[in-house]
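Which chain is which? The protein sequence lines are A, B, C and D, in order. Letter 251 of the first sequence, counting from 1, is numbered 251 in full-length UniProt numbering, and no numbers are missing. Letter 19 of the second sequence, counting from 1, is numbered 19 in full-length UniProt numbering, and no numbers are missing. Letter 345 of the third sequence, counting from 1, is numbered 345 in full-length UniProt numbering, and no numbers are missing. Letter 399 of the fourth sequence, counting from 1, is numbered 399 in full-length UniProt numbering, and no numbers are missing.
Hints in this document: simulated from the structure, not taken from any laboratory. Computed from a predicted structure; not experimentally measured. Don't be surprised by glycine CBs; every beta carbon is placed ideally from N, CA and C. Where hints are given, some of them may not hold.
Said to hold, decoys possible - Here chain D is said to cover these stretches of chain A; the calculated rule only asks that three of the stretch's residues, wherever they fall, bring their Cβ under 8 Å from a Cβ of chain D: (1) 252-262; (2) 334-343.
Unchecked claim - In silico DSS-like pairs for lysine-lysine, Cα to Cα no more than 27 Å straight-line: (3) C:Lys403 / B:Lys403; (4) A:Lys403 / D:Lys403; (5) C:Lys268 / C:Lys403.
Protein chains: 4
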Amino acid sequence: MVPTRTVELEGHIIDSGTMGRCFGLVMDMGGEFEVEAFDIGRHKDEESYCRMAVRADDPSLLQSILHELHQNGANLSDPVDATLDPAPADQVVPTDFYSTTNHPTEVRYEGEWLPVEHIEMDCAIVVDPDGPRAYTAVLNAIREGDLVVTGEAGIRVDPPDRPRGSGGPFGFMQGGVSSERPSESLIEQVAAALVETKEAGGRVLVVPGPAVIHSGAGDALARLVREGYVDAISAGNGFAVHDLERALYGTSLGMDIETLEHPRKGHKHHIYTISEVIRAGGIEDAVAEGLVEEGVMYECVANDVPYVLAGSIRDDGPLPETITDAIEAQNAIREQAHEADMVVMLATLLHSVAVGNCLPSTTKVVCVDINPATVTQLLDRGSSQAVGMVTDIGTFVPMLAEKVLD
Amino acid sequence: MVPTRTVELEGHIIDSGTMGRCFGLVMDMGGEFEVEAFDIGRHKDEESYCRMAVRADDPSLLQSILHELHQNGANLSDPVDATLDPAPADQVVPTDFYSTTNHPTEVRYEGEWLPVEHIEMDCAIVVDPDGPRAYTAVLNAIREGDLVVTGEAGIRVDPPDRPRGSGGPFGFMQGGVSSERPSESLIEQVAAALVETKEAGGRVLVVPGPAVIHSGAGDALARLVREGYVDAISAGNGFAVHDLERALYGTSLGMDIETLEHPRKGHKHHIYTISEVIRAGGIEDAVAEGLVEEGVMYECVANDVPYVLAGSIRDDGPLPETITDAIEAQNAIREQAHEADMVVMLATLLHSVAVGNCLPSTTKVVCVDINPATVTQLLDRGSSQAVGMVTDIGTFVPMLAEKVLD
Amino acid sequence: MVPTRTVELEGHIIDSGTMGRCFGLVMDMGGEFEVEAFDIGRHKDEESYCRMAVRADDPSLLQSILHELHQNGANLSDPVDATLDPAPADQVVPTDFYSTTNHPTEVRYEGEWLPVEHIEMDCAIVVDPDGPRAYTAVLNAIREGDLVVTGEAGIRVDPPDRPRGSGGPFGFMQGGVSSERPSESLIEQVAAALVETKEAGGRVLVVPGPAVIHSGAGDALARLVREGYVDAISAGNGFAVHDLERALYGTSLGMDIETLEHPRKGHKHHIYTISEVIRAGGIEDAVAEGLVEEGVMYECVANDVPYVLAGSIRDDGPLPETITDAIEAQNAIREQAHEADMVVMLATLLHSVAVGNCLPSTTKVVCVDINPATVTQLLDRGSSQAVGMVTDIGTFVPMLAEKVLD
Amino acid sequence: MVPTRTVELEGHIIDSGTMGRCFGLVMDMGGEFEVEAFDIGRHKDEESYCRMAVRADDPSLLQSILHELHQNGANLSDPVDATLDPAPADQVVPTDFYSTTNHPTEVRYEGEWLPVEHIEMDCAIVVDPDGPRAYTAVLNAIREGDLVVTGEAGIRVDPPDRPRGSGGPFGFMQGGVSSERPSESLIEQVAAALVETKEAGGRVLVVPGPAVIHSGAGDALARLVREGYVDAISAGNGFAVHDLERALYGTSLGMDIETLEHPRKGHKHHIYTISEVIRAGGIEDAVAEGLVEEGVMYECVANDVPYVLAGSIRDDGPLPETITDAIEAQNAIREQAHEADMVVMLATLLHSVAVGNCLPSTTKVVCVDINPATVTQLLDRGSSQAVGMVTDIGTFVPMLAEKVLD
């Protein structure tokens with residue numbers, strides 16, 4: 001017989017998302033469920049009720065599912081007393097101790113539900129049979145012999161409801177994109193998605209800012225273009241100028257990318273670069289006449305990768321290829337966006353927003369910037385296939401290229 | 001007869017939260033609904049189906065509700081053709097034009113569903129009877145006479161499903177706390193919550209960092225203490241030292257808060273301050289002997305507002321009241337946290353985390369910092385009654401005091 | 001007789017800036033100096049030597065000047081022993097104790113220079129006659145009776161030389177713009193500069209980003225325009241659209257600025273706004289026909305304040321007045337920049353850089369943003385009359401308006 | 001005969017640092033100088049004057065030196081007319097065109113000094129013989145045949161003086177630490193400094209925050225410890241707990257560092273970790289009994305690398321080795337700081353400030369954080385041998401380890 005348990009949900013379980021989350025959890029974890037009773041609270045103040053039977057192939061999987069349901073407010077409908085185990089030593093918890101959430105919690109002791117006093121996160125629950133009462137204890141407050149709650153049975157958690165309507169600024173707040181995620185592992189997964197997109201015949205659009213060049217990541221991006229992992233570039237005049245300056249003089253805005261030195265007269269390089277490319281007739285001609293022999297723009301020309309250079313009011317020059325009219329540029333960007341299956345945004349807010357505005361919610365998006373506010377703003381547009389990274393573009397692109405190509 | 005329409009939901013509407021969101025919407029907006037059919041997809045790949053009748057007291061409210069349901073993927077079960085109105089002029093949309101989402105969308109034209117080509121956000125939809133076909137148009141692409149979709153009828157939106165399981169880093173991403181919110185209005189609402197908490201007999205715990213003093217907001221906080229809006233302070237040695245330095249010398253870390261000048265020998269003030277308070281026997285004695293005559297610590301002593309000063313490894317001194325043992329300090333903070341009904345965290349990550357760790361999810365929390373990453377980290381702890389603000393503490397506290405007190 | 005003392009400087013005092021700093025200090029503080037000997041080290045490894053007589057009108061001023069010179073490495077040429085005073089109690093320093101820098105330091109004891117052991121910042125120096133030796137002590141390590149160095153006499157500080165040439169990444173690093181400054185006092189000084197510029201008949205150019213409107217600061221800016229404190233506006237299409245949306249619907253990007261709510265259909269407001277202004281024929285016509293009755297753009301039209309709206313690739317619309325060609329827009333901005341005597345940059349990187357590129361180094365610049373990286377980047381352009389503030393635009397503009405107008 | 005030219009400096013050249021900078025420049029670039037006249041402005045309003053002869057071994061070096069002097073306001077005392085070359089084509093500058101600063105500038109034409117109109121940065125100067133007048137031209141305003149100034153001769157630049165005294169908030173502002181620097185090259189130079197320090201027998205102190213573990217950089221740091229590049233660790237309880245959790249369960253705060261998944265019950269791992277280490281008797285015992293077999297703490301124990309774990313009010317546990325008293329911990333940190341020759345601060349403000357407070361200004365410091373405000377604050381302490389990097393710790397440490405070890 002398939003292991004089965006019945007759980008109950010009560011409260012504003014629908015609009016708080018609790019019910020949906022619980023249904024999803026069971027399915028995600030490989031279990032099954034059957035709704036036995038479902039009573040919808042139709043009015044603002046009415047609570048809803050749902051009872052469901054949960055099944056899984058083996059008891060330990062069922063236990064895991066019940067654990068997660070429990071954390072989300074689904075409680076067993078046939079409760080037993082909580083299991084209590086004595087702490088083996090001062091500041092040591094028994095195996096499988098129950099670790100608290102910060103939500104109101106009750107434990108069942110001798111058939112009675114005791115509210116847990118002073119609830120806070122990541123504590124153990126100790127039951128004092130005198131009273132009886134239950135309270136949280138941080139690790140260093142645990143004393144040998146304390147009766148500590150273990151397992152999941154006999155515990156009820158009551159996550160607070162989301163306030164109805166827009167009741168002012170207070171509400172469930174959610175943090176945003178953090179830099180504290182395992183960078184290398186995340187880059188590996190982005191690399192895998194890039195490879196997968198190309199293998200499936202998809203088109204990759206890269207949206208790089210000038211910081212890609214300043215931060216020394218130009219070579220790595222050029223390599224990705226050369227090796228066929230980039231199908232189009234959407235950038236500004238500044239990106240192209242710095243990339244070309246790098247090709248002509250080894251500097252970006254006058255600084256040598258390898259030695260970090262500022263060669264004398266380096267501050268003139270970017271103007272010289274534009275002047276020289278204008279003299280040659282444009283980027284393609286500059287490549288043809290051997291003026292430009294490396295870099296991202298070079299690889300684009302050499303490998304027939306199309307690019308759009310959109311002008312802006314902070315441009316020097318601009319280069320002959322730069323589209324100075326904003327509407328015309330927007331139309332060119334729109335076309336690039338519509339054709340892309342995956343978009344990689346690299347350290348540019350302006351161009352990323354311009355591209356992002358034109359994307360359907362089904363396009364894969366990777367958005368990388370060192371400023372969390374930029375990543376936050378870009379992801380607010382609501383893509384369903386997005387990943388944001390707060391990291392250094394100067395290390396991200398080289399690592400990505402290495403993981404894609406090696 | 002009550003205006004009623006029937007809508008349908010299809011897809012992974014449960015674990016994507018769509019169904020819950022739609023139920024909640026109807027209730028939030030003052031309508032009612034009855035579930036007429038509900039078919040749960042029990043397996044990972046099965047879709048669910050829900051049909052419900054939606055009612056509202058008047059047709060225009062029903063229209064608003066249907067609009068919102070529509071944006072969330074609930075489509076009318078008895079569809080009619082989309083309404084088309086000619087654009088009155090180049091670059092001008094007809095009244096009540098339909099503004100697109102970035103999700104896959106169809107419009108009904110002569111009984112047939114046309115997919116909308118090149119879907120992107122905030123566009124109009126134009127139907128070209130030749131073909132027939134439907135496509136998005138940005139405002140500047142609209143030409144006089146274009147047949148533009150208006151109203152909500154005859155349009156189907158299909159928001160993408162959340163991927164099941166943890167399918168790698170790609171997924172629905174959500175932005176975090178932004179600084180681009182109306183600061184004054186938000187401060188007004190925080191002020192209202194503070195006043196309300198006090199009027200209800202609640203306790204307010206303020207957790208200020210040294211930046212409160214450096215940024216010149218000490219006077220405003222002192223005023224809030226004096227006027228009875230602060231029931232406890234949880235801070236560090238540094239906050240108290242700078243506040244006392246301010247009281248003794250008019251400087252904070254040696255800079256004059258009003259003139260922004262660094263008086264000669266100012267760099268010694270904070271050490272002198274600690275030395276003098278130690279000589280006096282402690283903060284209370286320093287107030288008693290008239291050494292300290294203003295500031296936050298002064299008002300705490302004068303108004304019997306209890307404070308905890310927790311020590312840290314970057315402290316100078318410390319002051320005699322500072323609890324240098326981390327566990328002892330944590331216990332004192334824990335007690336403050338448990339007693340609080342509202343907590344206001346002002347520009348300190350360390351102390352805010354320490355307090356936040358001890359809070360149940362039901363306590364009201366206001367968290368203010370100029371660094372979005374700090375606000376993000378603090379709100380990730382999952383309070384259900386939290387508001388985060390990315391703003392300047394040096395303008396926030398004075399504005400808050402003004403709005404609370406005036 | 002005028003109080004006079006002779007000090008000496010030794011080392012790489014020229015290219016480290018030490019000598020210049022010392023000369024400047026004496027003059028800034030109201031003293032006088034005469035260079036008695038000046039020996040320039042002509043080669044990379046040669047040290048320089050300078051002896052100068054310093055005078056001041058009264059002994060206490062001279063003492064202050066010598067103190068500052070001392071902190072910068074200028075030592076008395078006729079040294080006496082350091083003054084030693086016993087600590088009056090545990091953890092209490094004697095009056096006028098010497099507070100250490102983190103540079104190598106020596107104290108003179110019985111005619112001999114003792115190196116101070118374990119030098120670190122903000123400590124007292126204790127001399128142990130046994131040995132004899134001198135060492136730093138933090139406040140809580142001071143014991144009653146310890147012989148603590150007081151005053152400035154008999155102490156030599158040796159600030160490290162700046163490494164010659166560009167010796168790799170290590171070097172004197174300097175922090176940048178911090179948010180930990182007294183916000184209100186700083187805003188007061190900006191207000192004073194603004195008033196002074198206008199009183200002197202100067203022109204004020206304001207460069208606002210859309211965040212000015214989102215953050216609820218539009219009213220305050222409109223007021224400054226109306227009252228004649230703004231002579232020109234340099235902005236983008238987005239700023240004008242949100243300001244006009246605010247005037248037409250009370251919302252900015254769909255959110256009500258006062259209630260923080262998102263009215264139904266609010267997301268269409270910005271497109272409607274552009275469409276309506278296009279229909280009217282432009283902003284001026286929209287004001288003339290009574291469509292727009294308040295806001296920044298309204299005040300510009302009503303008070304004949306010229307504005308430039310530069311287009312960009314992320315624009316919706318754009319409005320008819322928006323200059324969509326980047327070069328044409330740049331030329332318009334250039335003219336604005338050349339005419340300005342004071343420029344106030346408010347929360348926009350793109351437009352601030354565009355304006356900043358065209359400014360001579362003599363124009364007064366105020367640059368305000370909540371992101372320190374933006375302020376850093378803008379100030380790197382090297383204005384000699386600049387002030388940067390890391391603060392919340394939503395509180396800055398209202399406070400500025402209040403201080404200017406009230 | 002050695003190539004020689006005479007230059008003059010005028011104005012507030014001393015306290016503005018101009019003179020010192022010019023002297024330093026000549027020496028840095030390998031030239032020599034002799035001061036021929038030196039007239040010090042003794043009062044606030046008096047200007048100074050300095051005339052010096054500059055020599056270099058070859059004419060092109062002399063030219064370079066004169067170029068740099070010129071940019072800093074030192075002008076040739078025997079001026080000639082500026083060189084003029086016609087622009088070869090529209091939007092193309094002649095070779096060696098003079099690129100403007102944003103300071104007031106004059107060019108000499110037929111013996112007369114013409115002020116350059118509309119000065120702005122990075123422009124060419126065009127001389128119109130009719131008038132005659134000189135004005136700046138951006139690249140796209142250059143027309144074929146325009147007479148463009150080339151070389152350095154016949155040009156005078158007048159950088160504005162630094163305002164004397166503390167004349168309010170306006171002043172020379174300087175940007176701070178930027179993330180837009182070539183990351184890989186910078187990491188290479190840090191690696192070289194680390195290797196050099198070890199080869200010279202120096203001691204390296206690493207100050208890591210918990211983000212090192214969260215961001216997946218723990219393995220790389222462990223490797224550096226194992227290979228002998230780390231002589232001491234100064235961290236907090238949190239760092240050690242996450243590192244040990246990683247060793248015991250493969251997770252950090254419950255997230256798997258490789259797969260980015262959150263295993264069921266993962267949220268209990270950090271409490272379990274502390275509990276298990278307490279049971280074992282401490283970290284060393286946990287290593288001895290085989291409980292901990294990898295990670296930073298493991299390598300410290302296995303390789304006799306001493307560590308200090310300082311407690312804080314946000315700690316869970318803490319681990320038995322954690323020093324919970326702030327003063328005791330500070331003393332332990334002080335000792336580590338005094339012994340270090342190079343300190344590497346990794347993503348922790350609290351511990352970095354604590355260590356930084358105890359450092360003499362002569363110790364080499366590397367300070368890495370993704371938040372520019374943290375790097376700014378740490379570098380404000382005035383080390384003379386510091387390098388700050390705004391980058392992602394999760395990519396920095398692995399790249400550093402690779403460059404040091406491979």
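Hint check:
no.	hint	verdict
1	252-262	holds (count 6)
2	334-343	violated (count 0)
3	C:Lys403 / B:Lys403	holds, 17 Å
4	A:Lys403 / D:Lys403	holds, 17 Å
5	C:Lys268 / C:Lys403	violated, 36 Å
Checked against the numbered hints above, the structure breaks hints 2 and 5 and satisfies the rest.
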